[in-house]
Amino acid sequence: MAADKPDYKWVGTRTIRPDGHDKVTGRAKFGSDFTLSGMIHGRVLRSAHAHAVIKSIDTSAAEALPGVRAVITSKDFADQPSELAAAGEAMVNYKDMTRNVMAREKALYDGHAVAAVAATTVEIAEAALELIKVDYDVLPHVIDVDDAMQDGAPILDESLVPVGMDAKGPTNIAKRVEFTLGDAAKGFDAADVVLERSYKTAAVHQGYIEPHAVVSSVSEDGQAQIWCCTQGQFMVRTFTARLCGMPASSIRVTPSEIGGGFGGKTVVYLEPLATMLSKKAGKPVKMTMSREEVFRASGPTSAGSMTYKIGAKKDGTITAVEAEIRLLAGAFPGSPVQPACMCAVAPYDIENVHLVGYDVVVNRPKVAAYRAPGAPISAFGAESIIDELAKELGMDPLEIRAKNAAKDGTKAAYGPTFRNIGYEETVKQAQAHAHYTAPLGPNQGRGVASGFWFNIGGESSATVNINEDGTAVVVSGNPDIGGSRASLAMMAAEELGIDYSNVRPIIADTASVGYNFLTGGSRVTFATGLAVVEAARDAVRQLCERAAKIWEVDAEGVIWDDGHAKPASTNVGEFEPLSLASLAASASKTGGPICGHNAQNVQGAGPGFATHICDVEVDPETGCVTVLRYTAIQDVGRAIHPSYVEGQIQGGAAQGIGWALNEEYIYSDKGTLDNPGFLDYRIPVASDLPMIEAVMVEVPNDRHPYGVRGVGEVPIVPPMAAVANAIENATGVRMEALPMSPPRILAALDAARVKQAAE
Amino acid sequence: MAKHHVSVTLNGEPTEFLCSTRQTLLDVLRDELNLTGSKEGCASGDCGACSVMVDGRLVCSCLVMGAECDGKSVETIEGMADGEKLHPLQQTFLEEAALQCGICTPGVLVAAKALLERNNNPTETQVRYWLAGNLCRCTGYDKIVRAVMKTAAEMRGGA
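Same order as they appear, the protein sequences are chains R and E. If you're matching positions, the first sequence starts at 28 in our numbering and goes up one per residue. If you're matching positions, the second sequence starts at 1114 in our numbering and goes up one per residue.
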């Protein structure tokens, strides 16, 4: 697919990232690295109950403690009406958001914030928390999604009215969604084989290594400055302004470097609290979450429970898929059940599809986006049952995927007709890869799975300033979470025709660049990249105009080529090309500063598809699963910086392997989180993983000047099923629930041995 | 309670600080000495983002009290480069894109340097187990492990 690759100077090369030196020397400033003089420290009091009415809060003793400067509760925040706002790839309701950052009527999960204190030292703030008396009326709680849907389950919100369905009485079901293509019943009638299975996935945390951190400073005139680690400084401004009752113009948010987010930093937690504390105390307030607080109170993703039914002809043609997907949302509505349904069987061309999804509230922290929100959950079910179907039909698992692959022109069950997609190519490359036919040893098995994610565009603004010495500054507004500065600078260098090292990319605060939707949806290199390209082209247009002025010709007679203005043809005249540097040097005499600008709501994101191959070895004595080899093949559109594209693929696959094998939120019978730390919530460590081979298929997105597709999310979609399918291949045992941790594998192996002995 | 007066050799320089009994070495580095290159990811010794060397031993600075460092030598990420010249590990991490968000990078680099000082020819498995105490959520470790092994090979070649 690389045959049509244009001859670029920078795009497609492996440059050194512009922020790299700061990040290998410890100079880079992350969230909690920021301090201000006169700063005081904020801490949050959190509910230890999973579900309790807050009858009263007495803060008087805390307020009287010397060194305490401010205490806040929900009384300090005006209530919000029910109104939806976009946060990342999900919608959030302001009524819920204000209750999530600070509990009002009820504490709805273990870790729910109920009060906050700012004091001159951390020690005093922590001592003050112990002096706050909260009178709770503890209620029965519900943790599991299926339990929460039962009649008689403890109800989180008596006033909840479900969307998309009728409810007989109070319910925890917040929403029902449905997608229908063709006629599933007819499809099953036409099938030679029909399978029906149930699957469950555990709630997992994004697991970014950097805890949430903020410094907020509100002046006496009401002007606020906020420094924080976030995936979107404009999101922080919008939400903090709303919750604190301030105009957006009075809040300036500067994003720090961000130590991972994966969707978990697309909402606010501490920012409104620090701002309100600062307003009350008249001092800058710093707040940092502990790791325990990150686990207990910031967004994990949903746990899921689902039932799939699939029908196929003997030749492997899938005739129908039916599924019910139930996702827990945490304490407030808003699980990613809609994208979970939409992505479930998106890689396939299936005539009859019927998908129903339920969004269910439970007594857990409100879920936040996590890398391709929802898709990994539904794909675990879909890609597991397709594997079972292949086995039932005696077909190769890649062959059945190839046979049913979505192509250009395929109508997806969620609505659109695909065009310009590379799914089939990922399957072909998987079939041709040496990994797929490599020999396996005893207790070893191989699994494959595919995945889909939409990717998004959205609002982006960028400025390209031409400096007086012929260098350039690219100003954009998306926190750089994994090398996007490099890709933006490379595209700008390509457009301007100057050296990459002469382009300085800056992530601006909310007062220094136009609005940018947050870093999420795999959108930055695509959408903000497009804004940067257009801004660079605007600068180039101005440069050409300056050359035209100097040459006294029409601007249309000047072209831009390799960093120089040149006459479009000999008809224009015989002129020596003018370099960007010379035009920049004379800018003051030809019209003033040269600043390219672009702002748009970018459309045309190209969907992402991936197919993964996984080899495992299962220890029959301990149930421990070791991933031996892993190959991730993905349509990346065009890789602007191949190393960071590979990094996204490898990192996504590794997170998926953790989700598959180890990670889960474990609750006590009191509804409190039992494993809020990295020791007991075990994310993959270096010795858990093999090298992860990233194979980049390049089917350029024809709606982007450099063919960019989002790449960050789809790699987390296939791994759980790929691992489960490999385990089945190794042991003959089908795991239908995550995580596939050693005790569960061992129990399943034992059950299979007992069954075998009985037969 | 009175603060402790502590003298250390910090990245080769004699350094004094005052700390309370409850302050960890990580707290001291970040809050008293303004060296924020060492990161707090967990404060429980599970993530390795605060890795430093104390008297030549790799430790999580969140598990060492500031007061117990009196008379000791402490090396942090800030002392890894020699002036403008990056340590070969730092340079290779840049060239091999062995970082994404960068929060774990200082700890990983300090730990990797400690490994190469003990073993200049580690196997992939040795690198993986040595770095098992340094959590990275972005990279899947692939490029980190490659960068460490490549640096080891280069340093052996150059010796």
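Since the hints were derived computationally from the structure, they do not count as laboratory data. Do not take every clue at face value.
[To be verified] Short derived list, chain E residues pointing at chain R, Cβ under 7 Å: (1) P1127; (2) F1130; (3) N1234; (4) A1245.
[Claimed, not checked] Interface residues of chain R toward chain E, partial, derived using beta-carbon atoms under 8 Å: (5) G47; (6) F215; (7) A217; (8) V221; (9) A681; (10) F705; (11) V722; (12) M723.
Note that beta-carbon positions come from the ideal geometry of N, C-alpha and C, so glycine has one too.
State the violated hints by number, sorted upward, taking the hints as numbered earlier in the document.
-> 1, 2, 3, 6, 7, 8, 11, 12
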